[in-house]
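Chains as they are written, first to last, in the working numbering: chain R, 10 to 92; chain W, 7 to 353; chain X, 4 to 386.
Hints in this document: simulated from the structure, not taken from any laboratory. One should not assume that every hint holds.
To be verified - The calculated lysine-lysine pairs, modelled on PhoX-like cross-linking and capped at a C-alpha distance of 20 Å, are:
hint: 1; chain 1: X; residue 1: Lys259; chain 2: X; residue 2: Lys301
hint: 2; chain 1: W; residue 1: Lys33; chain 2: W; residue 2: Lys151
hint: 3; chain 1: R; residue 1: Lys13; chain 2: W; residue 2: Lys233
hint: 4; chain 1: W; residue 1: Lys326; chain 2: W; residue 2: Lys338
hint: 5; chain 1: R; residue 1: Lys78; chain 2: W; residue 2: Lys233
hint: 6; chain 1: X; residue 1: Lys106; chain 2: X; residue 2: Lys37
hint: 7; chain 1: W; residue 1: Lys328; chain 2: R; residue 2: Lys13
hint: 8; chain 1: R; residue 1: Lys78; chain 2: W; residue 2: Lys348
hint: 9; chain 1: X; residue 1: Lys384; chain 2: X; residue 2: Lys267
hint: 10; chain 1: R; residue 1: Lys13; chain 2: R; residue 2: Lys78
hint: 11; chain 1: W; residue 1: Lys233; chain 2: W; residue 2: Lys290
hint: 12; chain 1: W; residue 1: Lys338; chain 2: R; residue 2: Lys90
hint: 13; chain 1: W; residue 1: Lys338; chain 2: R; residue 2: Lys59
hint: 14; chain 1: X; residue 1: Lys120; chain 2: X; residue 2: Lys106
hint: 15; chain 1: R; residue 1: Lys90; chain 2: R; residue 2: Lys59
hint: 16; chain 1: W; residue 1: Lys135; chain 2: W; residue 2: Lys151
hint: 17; chain 1: W; residue 1: Lys328; chain 2: R; residue 2: Lys90
hint: 18; chain 1: W; residue 1: Lys352; chain 2: R; residue 2: Lys13
hint: 19; chain 1: X; residue 1: Lys120; chain 2: R; residue 2: Lys78
Just so you know, these numbers come straight off a predicted model, no measurement behind them.
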Amino acid sequence: MLGKIGVVTSWTIIRLPPADFGYQAPYPVVIVSLDNGESMVAQMVDYDEKNLHIGQRVVTVVRRTVQVKTDDVVPYGIKVKPI
Amino acid sequence: MTGIVSYGTYIPRSRLKLADIARAWKKNEKEIVSSLGIVEKSVPGVDEDAVTIALEAALQSMSTFYGKPSDIEALFIGSESHPYAVNPTSTIVGELLGIGNSYLAADLEFACKAATAGMQAIAGLIESKHMHFGLTIGADTAQSKPHDALEYTSAAAGAAYLMGDSRCLANLLAYTSYSSDTPDFWRRDGIQYPSHAGRFTGEPAYFAHVMGAARLLMEKTKITPDKITHCVFHMPNTKFPRDVARRLGFTPSQLAPSLTVDYIGNPYSASTLLGFAATLDIAKPGDKIFMVSYGSGAGSDAFLWEVTENVVSHQEIRKKNKQTVQDQMQNKTTINYVEYLKQTHKI
Amino acid sequence: MNIYIIGAATTKFGELWGVSPRTLATTAVSNALKDAEITTKEIEALFVGNMLSGMLGGQEHLGAFFAEELGISVPAFKIEGACASGGLALHNAVNSVLSGQYKTVVVLGVEKMTDHKPEDVATALMGAGSEGERLSGATFPGLYAIIARAHMEKYKTTERDLASVAVKNHYHASLNPNAQFHSPITIEQVLKSSCVADPLKLLDCSPISDGAAAVIITSNPSTVNKKHVEIIASVAATDTLGLAQRASLTELHATKDAGVRAFKKAGMKPSDVDIAEVHDCFTIAEILAMEDLGFYKKGEAATAIARGETMLGTSKHFVVNPSGGLKGCGHPVGATGVKQVVELFDQLLGRAQKRQVSHATIGLAHNVGGSGATATVHILKNI
Numbered sequence: 010m011l012g013k014i015g016v017v018t019s020w021t022i023i024r025l026p027p028a029d030f031g032y033q034a035p036y037p038v039v040i041v042s043l044d045n046g047e048s049m050v051a052q053m054v055d056y057d058e059k060n061l062h063i064g065q066r067v068v069t070v071v072r073r074t075v076q077v078k079t080d081d082v083v084p085y086g087i088k089v090k091p092i
Numbered sequence: 007m008t009g010i011v012s013y014g015t016y017i018p019r020s021r022l023k024l025a026d027i028a029r030a031w032k033k034n035e036k037e038i039v040s041s042l043g044i045v046e047k048s049v050p051g052v053d054e055d056a057v058t059i060a061l062e063a064a065l066q067s068m069s070t071f072y073g074k075p076s077d078i079e080a081l082f083i084g085s086e087s088h089p090y091a092v093n094p095t096s097t098i099v100g101e102l103l104g105i106g107n108s109y110l111a112a113d114l115e116f117a118c119k120a121a122t123a124g125m126q127a128i129a130g131l132i133e134s135k136h137m138h139f140g141l142t143i144g145a146d147t148a149q150s151k152p153h154d155a156l157e158y159t160s161a162a163a164g165a166a167y168l169m170g171d172s173r174c175l176a177n178l179l180a181y182t183s184y185s186s187d188t189p190d191f192w193r194r195d196g197i198q199y200p201s202h203a204g205r206f207t208g209e210p211a212y213f214a215h216v217m218g219a220a221r222l223l224m225e226k227t228k229i230t231p232d233k234i235t236h237c238v239f240h241m242p243n244t245k246f247p248r249d250v251a252r253r254l255g256f257t258p259s260q261l262a263p264s265l266t267v268d269y270i271g272n273p274y275s276a277s278t279l280l281g282f283a284a285t286l287d288i289a290k291p292g293d294k295i296f297m298v299s300y301g302s303g304a305g306s307d308a309f310l311w312e313v314t315e316n317v318v319s320h321q322e323i324r325k326k327n328k329q330t331v332q333d334q335m336q337n338k339t340t341i342n343y344v345e346y347l348k349q350t351h352k353i
Numbered sequence: 004m005n006i007y008i009i010g011a012a013t014t015k016f017g018e019l020w021g022v023s024p025r026t027l028a029t030t031a032v033s034n035a036l037k038d039a040e041i042t043t044k045e046i047e048a049l050f051v052g053n054m055l056s057g058m059l060g061g062q063e064h065l066g067a068f069f070a071e072e073l074g075i076s077v078p079a080f081k082i083e084g085a086c087a088s089g090g091l092a093l094h095n096a097v098n099s100v101l102s103g104q105y106k107t108v109v110v111l112g113v114e115k116m117t118d119h120k121p122e123d124v125a126t127a128l129m130g131a132g133s134e135g136e137r138l139s140g141a142t143f144p145g146l147y148a149i150i151a152r153a154h155m156e157k158y159k160t161t162e163r164d165l166a167s168v169a170v171k172n173h174y175h176a177s178l179n180p181n182a183q184f185h186s187p188i189t190i191e192q193v194l195k196s197s198c199v200a201d202p203l204k205l206l207d208c209s210p211i212s213d214g215a216a217a218v219i220i221t222s223n224p225s226t227v228n229k230k231h232v233e234i235i236a237s238v239a240a241t242d243t244l245g246l247a248q249r250a251s252l253t254e255l256h257a258t259k260d261a262g263v264r265a266f267k268k269a270g271m272k273p274s275d276v277d278i279a280e281v282h283d284c285f286t287i288a289e290i291l292a293m294e295d296l297g298f299y300k301k302g303e304a305a306t307a308i309a310r311g312e313t314m315l316g317t318s319k320h321f322v323v324n325p326s327g328g329l330k331g332c333g334h335p336v337g338a339t340g341v342k343q344v345v346e347l348f349d350q351l352l353g354r355a356q357k358r359q360v361s362h363a364t365i366g367l368a369h370n371v372g373g374s375g376a377t378a379t380v381h382i383l384k385n386i
C-alpha cells in the first residue's frame, strides 16, 4: 500500500472529530481511486487548500493514526498526500 | 570495495520562523535570527514521528537501489526520538519496507551520532563478508523545552544510506571514531526534554571530539584538506561547523554544499547525514568527501569517502523526481508558534 | 397470507435525560398494545431494533433484557443493522409471521444515546462504517459530506438545496408533538450554522436522540378490527460496508435495489405513493432517497424539494417525512425505522392531526444503515 498513486473522487473536512482523532482536527478525509483499480478512504496530509478538489492526484504515505493511551502500542496507518 | 549503494532523505514540510519563537518569549527577534544565522526550522506533522520519517527516507533510498528490500541484511536506526524506550523502530520500518525476516535489526542511541555509528558497524559487517547490503537511517523529531535556547534549532528530518559491496556511488576509504565521557547534553529516562550544559557544549564537547576524530582520520590516511573536495560536519548551529572546518584547514567553499542547518535547523541524528546527502547531490565522480559527525556524551565518527561515476545516475533520478535535498528544503509551508506547539504535542 | 399492523405508538423523541431505556420501551409497547386493544398474552415473539446498547451502555442481549422488562417471556431477538436496525427488526418480524411460526408479534425500536460525550457517540456510530473509515478519522457527517460533495459536483446541487430539506422537515416537526424540534427554521439559519464536515453544517445533520417506537403486527384476521393497515411489501437489501468500495458515490444501490423489489412485490410504482418516510439522517440523504427510490430522476430531486413539491401545504399530492423525518423528529438510531412505520400507520388511519396528509392510502418507509450498506423498504396500504 506504500507509494501508491491515485486520484481524489470526493472529499470533506472533518471539524467535529471522533474522540481519538481530536488531536489532529480539522483534517480532510478523501475517497481515492488508485491507479491500480482499487478504491480507498484516507486522511489527507501535507495539503494546501488548493489541493482539496475532485481530481487531485495523491500518493499513499505512512503516518500515525488514532490517539492512544501513553502506554499503548503506537498505531500507524495509510494516509495520502497531494502530488 | 564497501561503500554507499543508494541514499534517501526526507524533510517534513512545516517551517517555524525563529522570529516567531522569539516573539512568543518577548525576545529580540532580529538579534536572535542574526546571531543564530537560521531563519526557520523544520517541524514534523502532528502524525509524523521517527518511524514515519525514517520510512520515507528509506523508501527514497530503495527507489534508486538496483536490488530489492529483501536483499537488505541489516537495518540500524539511530535517533534521539525513538517512539519507544523498549521496542525497536528498526523492525517497524523493516516490516513496512518489506525486508522480510532474515535481517539484523537494531536501534542505536548516541545523541546526534547514533546513525553514523551504525554506518561504521555495517561497514564492518560488509567488509568481513558477513553480508552484502546494510541500511542505516538517522531520523529525529527533536524535542526541546519551550523557552530553552535549543528551541530555536531543534528540527526534524531523516536520511537513509544503503551500504553494499558493489556498484557503489561512493566508496568508504577509511573511518575512525573518538569517544569520551563528556556530559554536555543529556536526557534522563522518562524525562521529556533534554538538558544541556550551556557553553560547555562548545570547546570541550563538540570541538574536542570532532577535531579528535578528524585528526585520527587524517593521521590514518595521511590525507590533507587540500586533497579533499568537500567536507561535512555535524551542524548543531551555523557557527560550529564553520569554525571547525576552518580550524581543521578547510575552506568555506569546501563546506558550503553541506550546510542544511542554514535552511532547516538541526535534525539531530539526521544532521550530518543530511549534509552529506546535500553534498552527494552535487558531487562529481572522483571527489573526496571528509565527513565527521558528533554525538553529545560524547563522540565523533569520521569517514573519508570517494565518489564514483555511479553517483551520476542517482543524482539524475533525484533531480527528475524533485527529491534532492535542495528540493525538499524548498518544499515547505510556514506554521505559527501555536501550530508548532500542537504539532510537537506540547499542547 | 396478509400481514396487518393493528397497533402502534412512539414515545417523545429528544434529549430525555430522565428517561431510561426500560421506560422508553415499556411506554412505547404498552401504548401500542392499548392501541391494538390486546394484552401481552397475545404476543408470541419480540423483535428489538437497536444499535448502540453494547458500546454505550455495556448491555447486549437485548431480546432477553426487554422481554423481561415487558413481562413477556417469549422468543426475543435483537436485530442490528446500524441505523436500519428498526427496519430490519420489522422485516424479520414480518418474515417470522409469514413463515407461520408466529401469529402476532411486537416490534420495538429503541435507542438511548444522549447520556454520553458527543465525541464518544461519534466514535460509537462509526461502528456502522468500515475499519478503513474508522482509521481515516471519518465521522458519519463526514461520509455523507463526501456523498454531498460528489452529488454537488455531478448534478450542481447547492448548499441552499440541502438546506431546504432541513427547513421542510423542521416545519413538519413543528406540527408533531412527539418530535425533538418544535420550531420552524429558515434557509439562512441552516447556512449560517457551524460546519461539521464540509459542506454539511450543524443544521444539515439529524440530532443525537433518545426514543422508542413499537408496532404490533399479526396475520390473524380475527384480531384485526375497524382500524387496520396492511404491510404489502417488506424488503431488505445490502451494499458494500465502506463508501470507497461502492460503485457510485452519488447513489445508494441498496436503496435502489430494495425500492425496485418492494414496488414489484406490492404491484405498485413510485407515483402511487401518497406519503413517504425516508431516511434523512443528513439533508443530502433525503435527496438521494428521492432519486434512488424512483420518485425523481437523478439530479432533479433537489430543486423539486426546494420548490416545496414534497412539503405539507405546498405539495400537490406527495408529502415526504410528514413526521419531521430524522432531521426534525429526531433519530434515536434503532427506533427510527419503526417510528417511520408508526407515522405511516397514523397517517393512513387519518389520525395525524395537524400534519395529516389528505387522502393518504399508500405509504412507503425507507430506512438506511450506515452510509448505505443496508436499506429496508416497507410499503403500507390502508384497507
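Verification of the supplied hints:
Of the pairs offered as hints, the one joining Lys259 (chain X) and Lys301 (chain X) holds, with about 12 Å between alpha carbons and a cut-off of 20 Å not exceeded. Pair hint Lys33 (chain W) plus Lys151 (chain W) holds up; C-alpha atoms about 16 Å apart against a cutoff of 20 Å. Distance hint between Lys13 (chain R) and Lys233 (chain W) is unfulfilled; the C-alpha atoms sit about 45 Å from each other, more than 20 Å. Under the criterion of a C-alpha separation no larger than 20 Å, the hint pairing Lys326 (chain W) with Lys338 (chain W) is consistent with the structure, at around 19 Å.
Only pairs whose Cα atoms come within 20 Å are accepted, and Lys78 (chain R) paired with Lys233 (chain W) is rejected, the gap being roughly 55 Å. Between Lys106 (chain X) and Lys37 (chain X) the alpha-carbon distance is near 18 Å, which keeps this suggested pair within the 20 Å criterion. Of the pairs offered as hints, the one joining Lys328 (chain W) and Lys13 (chain R) holds, with about 18 Å between alpha carbons and a cut-off of 20 Å not exceeded. Restraint check for Lys78 (chain R) and Lys348 (chain W): satisfied, since their Cα atoms lie roughly 17 Å apart, inside the 20 Å limit.
Between Lys384 (chain X) and Lys267 (chain X) the alpha-carbon distance is near 15 Å, which keeps this suggested pair within the 20 Å criterion. Simply put, Lys13 (chain R) and Lys78 (chain R) have alpha-carbon atoms about 31 Å apart, too far for the 20 Å limit, and the pair is violated. Annotation: proposed proximity of Lys233 (chain W) to Lys290 (chain W) holds, straight-line Cα distance about 15 Å (limit 20 Å). Between Lys338 (chain W) and Lys90 (chain R) the CA atoms are separated by roughly 14 Å; this keeps the pair inside 20 Å, and the hint holds.
For the proposed pair Lys338 (chain W) and Lys59 (chain R), the alpha carbon gap of about 15 Å is at most 20 Å, so the pair holds. For the suggested pair Lys120 (chain X) and Lys106 (chain X), the alpha carbons sit about 42 Å apart, so the restraint of at most 20 Å is broken. For a cut-off of 20 Å, the pair hint linking Lys90 (chain R) to Lys59 (chain R) stands: about 13 Å separates their Cα positions. Pair hint Lys135 (chain W) plus Lys151 (chain W) does not hold up; C-alpha atoms about 45 Å apart against a cutoff of 20 Å.
For the given pair, Lys328 (chain W) sits about 16 Å from Lys90 (chain R) by alpha-carbon distance, which is consistent with the 20 Å threshold. Distance hint between Lys352 (chain W) and Lys13 (chain R) is unfulfilled; the C-alpha atoms sit about 33 Å from each other, more than 20 Å. As the CA atoms of Lys120 (chain X) and Lys78 (chain R) are separated by approximately 18 Å, the hinted pair is consistent with the 20 Å bound.
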